[in-house]
Amino acid sequence: MKKIYIAIVLLTIGLSACKKDFIELNPEDSYTDGVFYKTEQQFRSAVVAAYAPLRDVLINDYFTSEMHSDNTVYQPIPGNRGTAYVERENISDFTNTSTNAYVSATWQHSYTGISRCNIIIERLKGSDLDEAVKANLDGQAKFLRALNYFKLVRLYGGVPLSIAEVKTAEDAFKPRATEAEVYAQIVADAKDAMNELAAPAKFPQTGEATKGSAAMLLANVYAVQKKWAEAETVLNSLLTMGYDLNANYGDAFLPTNKNGKESIFEIQFLGGSITGSTPNVLSFHFIPRSKDTRILTGIAIDNTSTGGWNTPSSDLIADFEPNDKRLDASIGIAEGTYDASSYFVYSAAKSIINYVPATGKIGVPYIKKYLHSPLVATTGSSDDFPIYRFSDALLLLAEALNEQGKSALALAPLNRVRKRAGLADIVTADQTELKTIILHERRVELAFENSRWTDLLRTGKALNVINAFGVKIRQQLPYLSSDAYVIDNHHLVFPIPQNEVGLNPKVIQNPGYF
Amino acid sequence: MLLITQLTFIGVLLAGSVHSQNLDQVIHINLDHSSVKTSLLGIQEKSGIKFVLPEKLLSGLKTEITLGEQTKTVKYLIEKVLGGTNLEYKIVEGYVVIAQKPVPQQPGNIAGRITDEKGGPLPGATVKVMETGQTVQSDPDGNYSISLKPGNYSIEVSYISFLAQKMNNVSVREGKTTTLSFSMKPSDNQLSEVVVSYGKQRMKDVTGSIATIDASQLQDMPVGQFAQQLQGKVAGVQIAQTSGQPGRGMGFIIRGAASFYSSNQPLFVIDGTPITGSINNINPAEIESFSFLKDASATALYGSRAANGVVLITTKHAKPGDSKIDFSTYYGIQKIPTGKLPKMMTAREFATFMKERGEDGLKYEPGYTIAADYHAAYDHPEQYGDGTNWFDLLTRSAPIQSYDLTIQSARGHSSSTVIAGYQEQQGVVINNGTKLFSVRFNQDFTSANNKLKVGFNLAPSYRMDHNNRLTSDGVGGYFERFFEASPLASPYNPDGTYARSVASPGMVAYINPLATYMLTNDDYSTTRILGNAYLNYEFLPGLSVKTNLGVDKGAEMRKYFQGGLVTGTQGQTTGTSSSVDNGSWTAEGNLAYTKTFGKDHSIDALIGYSAQEFNTYSNNLTGLGFASDDIEYLNAATSITGGSGAGSYSLLSAIARINYAYKGRYLLSAAVRRDGSSKFGINKQWGSFPSLSAGWVVSDEAFMKNLKDISFLKLRASYGITGNNFFAGNYDSQATIGTYYYNFNNTITQGQTINRLPNQELRWERNKQLDLGFEIGLLNNRITFTYDYYRKLTDGLIQQRAIPTSSGFSQIIFNVGELKMWGHEFSVSSKNLTGSFKWNTNLSLSFDRNLITNLVDPGYIRRNITVSSDYFRQQVGHHLGEFYGFVFDGLYKDAADLANSAKYLSTPAKPNGSSDIGTIKVKDINGDGVIDDVNDRTFIGDPTPTFTGGMVNNFKYKNFDLTIDMTFSVGGKILNAAKWAYQTNMDGSRVLLAAAADRWRSPENPGSGIYPRTKSGTTGIGRSVNSQWIENGSYLAAKNISLGYTVPVKNLMLKNLRVFASVQQAFVITGYSGMNPEINVGGSDPTLGVGIDENAYPIPRTFSLGISTTFR
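The listed protein sequences derive, respectively, from chains L and X. If you count the first sequence from 1, position 361 lands on 361 in my numbering, and the numbers rise without skipping. If you count the second sequence from 1, position 291 lands on 291 in my numbering, and the numbers rise without skipping.
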């Protein structure tokens, strides 16, 4: 019997270590969803996470909303035909296909933001947070969700409408909703956000979404829907929230002037290389590719693999009225020469005003609004990127008034913007004339703020403007393909990313795309 | 009976003292010249006492009794008469019984020598006396001696991998030594014991599909990894070297890739302990044998981890009586075979190409301009010679060396083995190499009664990789750069320092690969301890408890430093310090019962449990902002970022198995394992893995006895279910919270939210396998043949399933589908010649097939959503990893061809799209008149070979031996992306293959018709896969040829001395134009696909000399 005892003891030594929960392991280095979303701090943290994808959308959206217009073109690089170059050029040229990775990226990151908002909105309902806190967090999430859907619906048309937390694979396979359904959701969210959020308590603001942000978004939606009266009402409420124009146009973009009185909503960046910093790389994406960009950036940055995009078009430059202070504030000239690899060797940074190239040099315009030299680190700058500025609200108000036939009333907000730019007042009250003037004013005031393409779309000018622009620009830039900027109706929306169509049979591709 | 007789006898003696006739009566008698019998009869007559006189004892006695006249007691007289004989007397039932005197026996001996068929000594063979159960082991010279009482005995001698021999009626005489020597015949594995899951079994009794390899045959190969030694040795086991990185780059697949996403590597079990870390740190010299468990019945006891097969590794344990020291070493020189090196353009050729490219641009493209530096570089190609040969600069002949010392001693009931090894392999790429120090201690103890066995094995090792963890393989890997940098550029500045940029005008930026290798210092050390302790105790006859506790502990440290000259962002000198501490333990306890009932029924049963837990902790610090490149430590960095993390998984299991044999020839085995794993969805953590198998040893049947030529025949069948939990994530089925940063007014704010979708229903990848096989031995097992047919259905394949990104997520871990695999495996082993010139051949051959039978929507899984790297697709109705792309249809020949053919991305605004005369033309698959990336690509090749295998030929003549070891693969396709995506870039951004100079330049000068024109905007399609990229990957490789000579030694201490010379990777015969056709087997990451050649560290050819010695 003793021997049997020994055997049993030996067998049970290990067994006794095996508790029931031996195989129920949870990660120690992160939370899981079951234990998170309980406290106010955790929900706040979740809201912060919902802001983060704005940066990812932006870095693709300057292709899908700005270069995909008559405002900007790109620096050619015939020696490198990798898809990272060709696909981005194609968006600019309106020759992108459904397999374009950058078109997909705008889509994907917008939805990442939406999904994070859905989690917050859904889980807040069952939480026991203070009602005021709940309202504020819900408002921010709804603003962000509406902002993302608004981007999507304008670029792609009716998109899958996901407003609940995705918990299983099945939840992820949704058909496309109609544009109207998407807009209804955007309006509902924006209204909720307006109700739940407070106007800026002080300037500079915190950088979080406010009642003003939601109001501006809602007005913008109404403008697309041509609900001008509603837009006017909302915009008028915005005028009471303490926003104002800066004295100088360029002040709105200064890193030292973040979230100031002119800012309604902007994407926050912070330079540096410490953990958690979120540097803005656009300042060197938007200048010609060079092994040494020091003359513009004030720091040894080689942007040969990142730069060369969003080069202001001659058409846009020509569209600035004489003496418009915004031209010099928005656009600079990089002077130098191209080498055989199409890299630019900078020799000087020049003003665009009355610019004449030095002998043997070429002047390449670049976006100056967001470049505040010297950069702190090679990883990027601390420049924020505007989504909505007060001047946008003023111009939209002018438009809403003009569209309702209250053209005379439109002049005040319009001229408020022009005055700051150093331009003479507009005096005509002709509705049609004003329409053109306001659209032009938006183009120069909001240049490089990713609103040109959507402005052309909602004003119905896209086909004419782009095709006409194409005729001119193809002559000027021989590297452009003969079908660049040749667009028809199907180009007015982007293709649904092929990956989505391929994965989900319920998603039907936009007509004209394979 | 014996016992009763003895008791009776004692009783009689006691009674005799009371009732005995009076032996003390005195009689008078004359005993003169009479025989014993006559004398006794006389005493009987005179005394009246009754005697029993067995005739046979007395008749033969020659003793003459001459006592003369005597007047003495009867007792005295009887004793006197019997005194000179071997007789004695007893009193039984009133009679005086004359009986044989029990001999005060001196033991005798059986002694002899046990040798192999060549007469060489076999130390450690077991000699068993069947009647007494005594066993002894032969000594180092093969001698044995057993002391036995005189008598007749049956003696059996057994030795692993030799046929046991039995000798009956061996007589042992008192004080004498009977000489009995045995010459053993190799058993051809049929009767020898092999290591199987949780124990050993005679090969004859095995009902699963198991192949074994004796590691001693493999020692001549100058390689650092045992996987390299095993290539082509086992049918159904595909091993390939996908990269030549020292100490790395081996891929293992047993019976076809079973998974898309989970690992396809088999489970490795060392001395009973499943290991969780890398197999690279195991010194091949420590290994005694391998068992490859292929079918479900063989692997079932490893349940959830067995779907890819199991490799059981047994390390060396000293055998009783075998004390010795072995020392072996080799030194080799590795060189990259140059036959298949891509022939790139020289400086002059590249300059000519670039010049002509510019000329063509001016000719065909309005507005084309050429920059001044382009003119300067290329207008006069004749000024250049061959230019910089980057490959020569970056590669070298490199030494490889290895030293192994094995000390084994076993006396009585304890055995110990110590193996110490040092291996050093310098890379054939400069400034790169690896060193491995390893030690193994194996200590075993058996109690005097053989009932208790305790052992302790410990194997620490330390590996130092230098620049061996750099990304050398694949896209963007350093090796790719060797062929891309400009031959016009010098690696050095005029002042002798390294240049950073080595691109010529018009090329994209290239960082000097020479400087990259020289200015990068990546030291990666791995300390590893593998250990296990076991205790087996037979507490009742046939019933044992077996416990094993195993540990696999690893610590890795990385010190990485890259000078700012070569960092991606110029001047960003980067240092990294990181470490990983991981470990797993396995605890197992089993009860084993072996019993034979009657003559014919034997069972062998096992039940037990197993628990395993793996833990890892890692941290990583990266330093930037170094003021100079002088101090390589983070102390000199001004900015340090980093993080740390942890993970673990666990497995809890119960196992049971029963083997039953009837008459030793009808075999049945059933096993089941129940596993719970932490890796799966909370609702699906548990799985059951049963198996059933049967065998019939037909050759033992009476009706087979007449078929003398068939010495062995066994039929086998098995069916079972196993699982696969080898996927990287520990918590993939749970929604974890990730960290995302945002800032408000320049204040960094940490955000947290779900970063992964959960899947609570995630379950085992399950593999149902049927195996039918037979083993046959012919001509006294001179030829053996094994055949297996298998059929596997893997369902619940685990994969990161792509989901619409409109969910906010791009993937979810999921059981995505079903894969069917089947195949035939053949192994032949033949002794072709057995005289003084010996020749053995082993051939293995496998035909593996697969078909994807079910997948979640949309019925296929892409490799990549970027078309240019979307190399393959897993699709229902297709084979694993079939290549996907355009179908090449030559170049557009002329205007008419262009007008009449579909063109790439043609639109109304640009009818020719991106096509033109002289550009790549592909088939319009959907017939819509336009070539696009979605509708005109299709399946263009299958990487699965028709068959694979290996052949080993051994020759032996006198003291010479020669081994030729070959592997082959036939029919698999390779996608040669290295060549087409990188080396034929017509944009002039990379150096081209010399052959690409023969490209289309005009209708009159169309070139070879393979390489298209250089016109801007038309070359893009060349970067997407087309059928031109697909090549036949068949090959025959001589992995190793080695010649050995055993030096005859007559020395008291040195018992064995062998010298050998070998060539590893001697030659490869293939039509494949890339460097390595073995790329056709997936590496460790199946999601990267099989048969895709995207540049890999070259596999060197190694010439080596070695010596192995044995001292006693």
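FYI, nobody ran anything at the bench for these hints, they're computed from the structure. Remember, predicted model here, so these are calculated numbers, not experimental data. Built from N, CA and C at the ideal position, the CB exists for glycine as well. Don't take every hint at face value.
From the derived model, a few chain L residues whose C-beta atoms are all more than 12 Å from chain X [stated by the list, open to error]:
#	residue
1	134
2	228
3	247
4	295
5	315
6	318
7	324
8	350
9	415
10	433
11	464
Only pairs whose alpha carbons sit at most 30 Å apart, straight line, appear in this in silico DSS-like list of lysine-lysine [what the hints assert, rightly or not]:
#	chain 1	residue 1	chain 2	residue 2
12	L	125	L	226
13	X	355	L	361
14	X	355	L	291
15	X	101	X	62
16	L	461	X	910
17	L	361	X	453
18	X	363	L	472
19	X	910	L	472
20	X	705	X	355
21	X	820	X	316
22	X	684	X	451
23	X	453	X	595
24	X	595	X	838
25	L	361	L	211
26	X	451	X	663
27	L	227	L	211
28	X	684	X	820
29	L	174	X	451
30	X	200	X	1050
31	L	350	L	472
32	X	684	L	167
33	X	684	L	38
The hints, checked one at a time:
With a least beta-carbon separation of about 17 Å from chain X, residue 134 of chain L lies farther than 12 Å from that chain, consistent with its non-interface assignment. Every C-beta of chain X lies more than 12 Å from that of residue 228 of chain L, the closest at about 31 Å, which supports listing it as non-interface. Remark: the non-interface label on residue 247 of chain L is consistent with the geometry, its nearest Cβ contact in chain X lying 21 Å away (cut-off 12 Å). Taking the minimum C-beta to C-beta distance to chain X, about 16 Å, the non-interface status of residue 295 of chain L holds against the 12 Å cut.
For residue 315 of chain L, the condition that its CB be more than 12 Å from all CB atoms of chain X holds, with the nearest at approximately 19 Å. With 12 Å as the threshold on Cβ separation, the claim that residue 318 of chain L sits away from chain X holds: the shortest Cβ distance comes to roughly 21 Å. Interface exclusion of residue 324 of chain L from chain X stands, the closest Cβ pair being 31 Å apart, more than 12 Å. Separation of residue 350 of chain L from chain X is adequate, the least Cβ-Cβ distance of about 21 Å exceeding the 12 Å criterion.
The claim that residue 415 of chain L is not at the interface with chain X holds, since no C-beta of that chain comes within 12 Å of its own (minimum 32 Å). Distance check on residue 433 of chain L: its Cβ is at least 33 Å (rounded) from any Cβ of chain X, clearing the 12 Å threshold; non-interface status holds. Distance check for residue 464 of chain L against chain X: the nearest CB is about 16 Å away, which clears 12 Å, and the non-interface claim stands. Under the criterion of a C-alpha separation no larger than 30 Å, the hint pairing residue 125 of chain L with residue 226 of chain L is inconsistent with the structure, at around 34 Å.
Distance restraint check for residue 355 of chain X and residue 361 of chain L: the Cα-Cα separation of roughly 24 Å lies within the 30 Å cut-off, and the hinted pair is therefore satisfied. Between the alpha carbons of residue 355 of chain X and residue 291 of chain L the distance comes to roughly 24 Å, so the proposed pair stays at or under 30 Å and holds. Between residue 101 of chain X and residue 62 of chain X, the direct Cα distance comes to roughly 17 Å. Compliance with the 30 Å bound is thereby established for this hinted pair. A C-alpha spacing of about 23 Å is found between residue 461 of chain L and residue 910 of chain X, which places the hinted pair at or below 30 Å, so the restraint holds.
Taken as a hint, the residue 361 of chain L and residue 453 of chain X pair is broken in the structure, with Cα atoms around 88 Å apart against an allowance of 30 Å. A hinted pair counts as satisfied when its Cα atoms are at most 30 Å apart, and residue 363 of chain X with residue 472 of chain L qualifies at roughly 24 Å. Restraint check for residue 910 of chain X and residue 472 of chain L: the C-alpha separation of about 17 Å stays at or below 30 Å, so the hint holds. Under the criterion of a C-alpha separation no larger than 30 Å, the hint pairing residue 705 of chain X with residue 355 of chain X is inconsistent with the structure, at around 83 Å.
With a CA separation close to 38 Å, the supplied pair residue 820 of chain X and residue 316 of chain X exceeds the 30 Å bound. In summary, the hint linking residue 684 of chain X to residue 451 of chain X is not supported, as the alpha carbons are separated by about 42 Å, beyond the 30 Å threshold. Straight-line distance between C-alpha atoms of residue 453 of chain X and residue 595 of chain X comes to about 19 Å, which keeps the hinted pair within the 30 Å bound. Distance restraint check for residue 595 of chain X and residue 838 of chain X: the Cα-Cα separation of roughly 42 Å exceeds the 30 Å cut-off, and the hinted pair is therefore not satisfied.
Our distance criterion of 30 Å between C-alpha atoms is broken by residue 361 of chain L and residue 211 of chain L, whose separation comes to about 50 Å. About 27 Å separates the Cα atoms of residue 451 of chain X and residue 663 of chain X, which keeps this hinted pair within 30 Å; it holds. Restraint check for residue 227 of chain L and residue 211 of chain L: the C-alpha separation of about 20 Å stays at or below 30 Å, so the hint holds. The straight-line distance between the Cα atoms of residue 684 of chain X and residue 820 of chain X is roughly 23 Å, inside the 30 Å bound, and the hint therefore holds.
In summary, the hint linking residue 174 of chain L to residue 451 of chain X is not supported, as the alpha carbons are separated by about 67 Å, beyond the 30 Å threshold. For the suggested pair residue 200 of chain X and residue 1050 of chain X, the alpha carbons sit about 38 Å apart, so the restraint of at most 30 Å is broken. Distance hint between residue 350 of chain L and residue 472 of chain L is fulfilled; the C-alpha atoms sit about 25 Å from each other, no more than 30 Å. Our distance criterion of 30 Å between C-alpha atoms is met by residue 684 of chain X and residue 167 of chain L, whose separation comes to about 17 Å.
Pair hint residue 684 of chain X plus residue 38 of chain L holds up; C-alpha atoms about 27 Å apart against a cutoff of 30 Å.
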